[in-house]
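So the sequence lines, in the order shown, correspond to chains A and B. Under my numbering, the residues of the first sequence are numbered 1 to 216, in order. Under my numbering, the residues of the second sequence are numbered 1001 to 1367, in order.
Be a bit skeptical, because a hint or two may be false.
Stated by the list, open to error - Derived lysine to any residue pairs resembling SDA-like cross-links, with alpha carbons at most 25 Å apart:
#, chain 1, residue 1, chain 2, residue 2
1, B, 1038, A, 54
2, A, 2, B, 1143
3, B, 1038, A, 57
4, A, 28, B, 1350
5, A, 28, B, 1045
6, A, 2, B, 1352
7, B, 1350, B, 1331
8, A, 108, A, 78
9, B, 1070, B, 1223
10, B, 1070, B, 1143
11, B, 1140, B, 1088
12, A, 46, B, 1045
13, B, 1038, A, 18
14, A, 59, B, 1223
15, A, 196, A, 136
16, A, 46, B, 1350
17, B, 1350, A, 54
Claimed, not checked - With beta-carbon atoms standing in for the labels, derived distance ranges:
#, chain 1, residue 1, chain 2, residue 2, range
18, B, 1301, A, 59, 53 to 59 Å
19, A, 61, B, 1080, 54 to 60 Å
20, B, 1070, A, 55, 26 to 32 Å
21, A, 186, B, 1291, 55 to 61 Å
22, B, 1069, A, 183, 53 to 59 Å
23, A, 58, B, 1018, 52 to 58 Å
24, A, 59, B, 1051, 54 to 60 Å
What the hints assert, rightly or not - If you only want the chain A side, here are some residues facing chain B, beta carbon under 10 Å, derived:
#, residue
25, 8
26, 15
27, 23
28, 27
29, 47
30, 58
31, 145
In short, the hints are calculated from the structure, not lab data. We treat Cβ as the ideally placed atom computed from N, Cα and C, and that holds for glycine.
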Amino acid sequence: MKIYGLELLRGLGITMGRFIATYTVGFKRTFVNRNRGSFRQSASEKGVFTVQYPEERLKPPERFRVLPVLIYDGKKGDTRTQQAERCTSCGICAKVCPPQCIWIVQAKDAAGKAIPKAAEFSIDTDVCMNCGFCAEFCPFDAIKMDHDFELSNGERHQSHIFDINKLHVSTEYYAETHPIAWAEEQARKKADAERKAAAAAAAAAAAKKAAETPPQ
Amino acid sequence: MMPDLTWLMTVIRLLIPAIIILAVAPVGMMYLTWLERKVIARIQGRVGPNRVGPYGLLQPLADGVKMLTKEDLIPRGADVLCHFLAPILIVVPALFLFTVLPIGPTLVAAPLTTGLLFFVAVGSVGTLAIFAAGWGSRNKFALLGATRSAAQLAAYEVPLVLSLAVIPLMTGSLNMTEIVQAQQAKWFVFTPWGLTGFILILITGLAEVNRTPFDLPEAESEIIGGFHTEYSGMKFALFYMAEFLGTLALGMLASVLFLGGWHGPFLPGPVWLLLKTFSIIFFAIWVRGTWPRFRVDHLMEFAWKVLLPLALSNLLGAAFCALKGGWIGNIVATALPISVFLLTTQLWLKPRPRPTTAWIETNSQSN
Chain A
1 MKIYGLELLR
11 GLGITMGRFI
21 ATYTVGFKRT
31 FVNRNRGSFR
41 QSASEKGVFT
51 VQYPEERLKP
61 PERFRVLPVL
71 IYDGKKGDTR
81 TQQAERCTSC
91 GICAKVCPPQ
101 CIWIVQAKDA
111 AGKAIPKAAE
121 FSIDTDVCMN
131 CGFCAEFCPF
141 DAIKMDHDFE
151 LSNGERHQSH
161 IFDINKLHVS
171 TEYYAETHPI
181 AWAEEQARKK
191 ADAERKAAAA
201 AAAAAAAKKA
211 AETPPQ
Chain B
1001 MMPDLTWLMT
1011 VIRLLIPAII
1021 ILAVAPVGMM
1031 YLTWLERKVI
1041 ARIQGRVGPN
1051 RVGPYGLLQP
1061 LADGVKMLTK
1071 EDLIPRGADV
1081 LCHFLAPILI
1091 VVPALFLFTV
1101 LPIGPTLVAA
1111 PLTTGLLFFV
1121 AVGSVGTLAI
1131 FAAGWGSRNK
1141 FALLGATRSA
1151 AQLAAYEVPL
1161 VLSLAVIPLM
1171 TGSLNMTEIV
1181 QAQQAKWFVF
1191 TPWGLTGFIL
1201 ILITGLAEVN
1211 RTPFDLPEAE
1221 SEIIGGFHTE
1231 YSGMKFALFY
1241 MAEFLGTLAL
1251 GMLASVLFLG
1261 GWHGPFLPGP
1271 VWLLLKTFSI
1281 IFFAIWVRGT
1291 WPRFRVDHLM
1301 EFAWKVLLPL
1311 ALSNLLGAAF
1321 CALKGGWIGN
1331 IVATALPISV
1341 FLLTTQLWLK
1351 PRPRPTTAWI
1361 ETNSQSN
């Protein structure tokens, strides 16, 4: 014998539980544990799932990539100088770029001699496909992928070609958006510097030894 | 000598309730749409409208502006008169329903001695308008929705009226005010026959106003919008309004007949009635957020095989209660509907073996 209607009542119970949970969980979110990082993302999460986008934002994952940026050493808001700039205008990024959207002009000094800096560096953002090859191949850690995805625009012929001033971001900004990659880069550079210092010390010691022992 | 102004007094006495109903009912309906969207959203883990005004409270006004500025389309080859009249014909009876519902001991627009009968009679006129809409639209989906609506009404009106019939049986009156006064000591929902009647009126009432799980006439996932497929702008809004007014009227009817109307401690009567009405409406929204829609044949089976015997047995139990009274009557009035429900569901709702279709036969032969 089967009693009809019980499952219907059970369904009503489930939805009422859901309904009440939105209020209890919402109360907790507002008053108890505020500012949780990746909230409303796990499968076991109860309550309202909606992220009210322009007011609330979820932090994108670190490997998320939108459009390359050029890195310079310094703080946010520093004016661009050729000393702080990491790019040497070697052109590897422009060569590996699959849709060929990078355009570089090398800087020249007063005498007209080429120097390893970029005078102009432009990316056509309509053509860029966010593959990240340029950042992958850059030998100087000068070009990296960004997180800023809010790029919509009313005009596309001028404003969608990003020039060097628009592409420049500081290492401080990069360290904030990409903490893991930034720490890895720092560790690698430190190891490189230590190895170089050790090699230089060894070379100096060898030279000293060579100088001390007179040639026979 | 003063002119005789009694006719003016009569007109004013009739006009004031009419104006109040015309003003309050559409506003109430607008905020019912807001409530429904909010509750459904919460059930589904969303936020619901929250952009227009605080908590989205001005959303109904924005919707109203949208509806008013939309283009009014009449399909080519449509029956123009039918198509035009249907939205009017559906709203007017829905507004009439409020005239007989007593909000307080003296607050009733038309204290008819046959109020309950009036309610049932006027409440079923809406289907005529739905059929006019379906016919006048010259659209197959609209006609399908209209015929579904007519079939549904024929099926569900019977148990609805039978479950309402216990009220005059016990109170000896069709006047709504007298029915509420009879519940001074004890609400009818706390009697065995009243509880069954209340459950029946909730279920059949949902069918009566075409709400989930009985929204087959306007099933948007099957027949696009049913009878209002071809309506746009304010005409569509009128259909929507009629549905929500029907829900509101039905909630009020159920609370007047079974939940003691304006009776309740501490708060004034009209507040109590509104609280009861809104808890019934909340139940309707809750059901919409939970249960899936019926299939057409299941809908008919449910009405004729389960609800009709249940309503009849409830009527019989109530009659026994009225005759005998006391604990014997209560036991009979409890046992009768329960046993009938168990019996009919076991006998007639058994899942039948699915007939093998021609497609399966040919498919299995080819394999």
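Quick check: which numbered hints come out false for this structure?
-> 2, 4, 7, 14, 16, 17, 24, 28, 30 and 31
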